[in-house]
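All chains should be modelled from the sequences, with the hints used to inform the complete structure.
The numbers in this note's numbering rise by one with no breaks, and the one at position 514 of the sequence shown is 791.
Calculated from the structure, these hints are not laboratory results.
These figures come from a predicted structure and were not determined experimentally.
Misleading hints may appear alongside valid ones.
[Claimed, not checked] Straight-line Cα separation of at most 27 Å, DSS-like style, residue types lysine-lysine; simulated pairs:
| # | residue 1 | residue 2 |
| --- | --- | --- |
| 1 | Lys561 | Lys476 |
| 2 | Lys469 | Lys561 |
| 3 | Lys689 | Lys315 |
| 4 | Lys819 | Lys353 |
| 5 | Lys353 | Lys747 |
| 6 | Lys607 | Lys315 |
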Amino acid sequence: MAPSPERSKEAWGSRIGVILAVTGSAVGLGNFLRFPGKAAQYEGGAFMIPYFVALLLLGIPIAWAEWALGRYGGAKGHSSIPGIFRAIWPSRAAPYLGALGMLIPVAIYMYYVYIEAWCLGYAVEFLRGTFRPEPGQAMDIARYGGFFGAFAGLGDDGAVFSMSGGFFHSAVFYLLVCFVLNFVLIYRGLTKGIEWFCKWAMPALLACAVVVLVRVLTLGTPDATRPEQSVVNGLGFMWNPSTKSAGFWASLSNSQMWLEAAGQIFFSLSVGFGIVMCYASYCKRDDDIALSSLTACAGNEFCEVALGGLITIPAAFVFLGAAGAMDAAKAGTFSLGFVTLPCVFAQMPFGQVVGALFFFLLFLAAITSSLSMLQPAIALLEEGLGLGRRAAVSLLGLITALGALFVVYFSKGAKAMDTLDFWVGTFCIYLLATIQVLLFGWVLGTERGYAELSRGAEIRIPRFMMAVIKYVSPLYLLTIFGVWLYQIGSRDENYFNELLADSEGGRVARLSIVWIAVLLVFFILIIAQAVRRWRREEARAKEASP
278 MAPSPERSKE
288 AWGSRIGVIL
298 AVTGSAVGLG
308 NFLRFPGKAA
318 QYEGGAFMIP
328 YFVALLLLGI
338 PIAWAEWALG
348 RYGGAKGHSS
358 IPGIFRAIWP
368 SRAAPYLGAL
378 GMLIPVAIYM
388 YYVYIEAWCL
398 GYAVEFLRGT
408 FRPEPGQAMD
418 IARYGGFFGA
428 FAGLGDDGAV
438 FSMSGGFFHS
448 AVFYLLVCFV
458 LNFVLIYRGL
468 TKGIEWFCKW
478 AMPALLACAV
488 VVLVRVLTLG
498 TPDATRPEQS
508 VVNGLGFMWN
518 PSTKSAGFWA
528 SLSNSQMWLE
538 AAGQIFFSLS
548 VGFGIVMCYA
558 SYCKRDDDIA
568 LSSLTACAGN
578 EFCEVALGGL
588 ITIPAAFVFL
598 GAAGAMDAAK
608 AGTFSLGFVT
618 LPCVFAQMPF
628 GQVVGALFFF
638 LLFLAAITSS
648 LSMLQPAIAL
658 LEEGLGLGRR
668 AAVSLLGLIT
678 ALGALFVVYF
688 SKGAKAMDTL
698 DFWVGTFCIY
708 LLATIQVLLF
718 GWVLGTERGY
728 AELSRGAEIR
738 IPRFMMAVIK
748 YVSPLYLLTI
758 FGVWLYQIGS
768 RDENYFNELL
778 ADSEGGRVAR
788 LSIVWIAVLL
798 VFFILIIAQA
808 VRRWRREEAR
818 AKEASP
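Dropping the structure here:
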């Protein structure tokens, strides 16, 4: 189908703009919190072997596939995932498979924007001196854990709305700020909103990260009575291979480490979200998407390995020691980021400024990601229903506001957030990523796919990468997915038994699944209307052609 002038008017203003936007979509909390925790937990040096294997066989190939699929669909007049799938595969089922590409980013946005609000709130609270320890006060992680629990409302459902510290210091206030900022930028459009913001946000993020990194690397040995707790030993703790009797090579036989490394690459690069395909659809026909994709991946890896890997765990090691740093690594992303690190920064010279910069960079990483989560749905509402920008933004704003309120209200133990993350942020992402690589390798075909990637390219992609995308990546994905499902079903605390339990947590989890189903049905209905609209356009174009 020839592209509709109405749907093809938006395009990226510059090459650096699309690279920064895609990099911003990928760079998030996982780069600075999840990756360092996993690397330290699996003994640093050994973890990087499966990590880079997954990058070469999973991350980069799928990213290339998404860029190619997106621009191919964009040339056919589509920027929504259902439209792109339909342009590639003329099947009745194709656009409905694209419903996952709508559900995933929108549902993730509903809880991600709340985490984004935490980051902004912590940056402001550091500047206000909230985390400054009293003179002579010993390090008390429990104090910071209590603050986080109260701030995020983890103690009870609806607790966050009590706003005991005042409205302007509550998570609700910061959520409103983040929500409005996201939708103001998305309303401004692709070039004046997303691209403009990412052009200054990503350099600002990098500058903040470098300042924090320099401060961490110059800590030396803050406590002379504990000479073993130095920044040099902290870097060794993070990156040196195992010195235990098991040894470096024996640690590589740990299947769980390979699974975690692949999962980190998978989620870090934002493959399987549908976002990259949407962004790539706005590229011009002769733009270099091969090098742009590789550059975006490299930018994400730099933020993750060179910045995130050198800041978080070494800083924790200096003030908490080896045992404390390992406990922090194993405690999970939220505990590491919002309990342990505030405690660490509070003990650090100039810690109030360093802490504010660190959480501000997390906020920038979060908002460039959350912006990207809104664009695929906006594209569907505009091209599928024919809505104007204001109407599309208003409708999506209403839907995501309801979802965010659901997550914020059912905040006890973050149960609603965890359930959405499990089913949408993990399960559905694996499904969509598998569909994407199969569409590239087996429907579009590696010959057409390679031609699409090579159009306007300044680098030559090795031909064998097409075989990797067609055979290796799907097998890799299915293996990870299968092992993950096996672990979920066979672990001691069986997730599905907990889901069916007649308990408060079980009821919230089931209600969260109902919300996911309602959202999926909503997008399926919109896609059905969009398909009818596209067919009418095709019929009119056919009648008009000589």
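Hints, one by one, checked against the model:
A C-alpha spacing of about 19 Å is found between Lys561 and Lys476, which places the hinted pair at or below 27 Å, so the restraint holds. A C-alpha spacing of about 17 Å is found between Lys469 and Lys561, which places the hinted pair at or below 27 Å, so the restraint holds. In summary, the hint linking Lys689 to Lys315 is supported, as the alpha carbons are separated by about 26 Å, within the 27 Å threshold. Only pairs whose Cα atoms come within 27 Å are accepted, and Lys819 paired with Lys353 is accepted, the gap being roughly 15 Å.
Of the pairs offered as hints, the one joining Lys353 and Lys747 holds, with about 23 Å between alpha carbons and a cut-off of 27 Å not exceeded. Restraint check: the Cα-Cα separation between Lys607 and Lys315 comes to about 8 Å, which is no more than 27 Å; the hinted pair holds.
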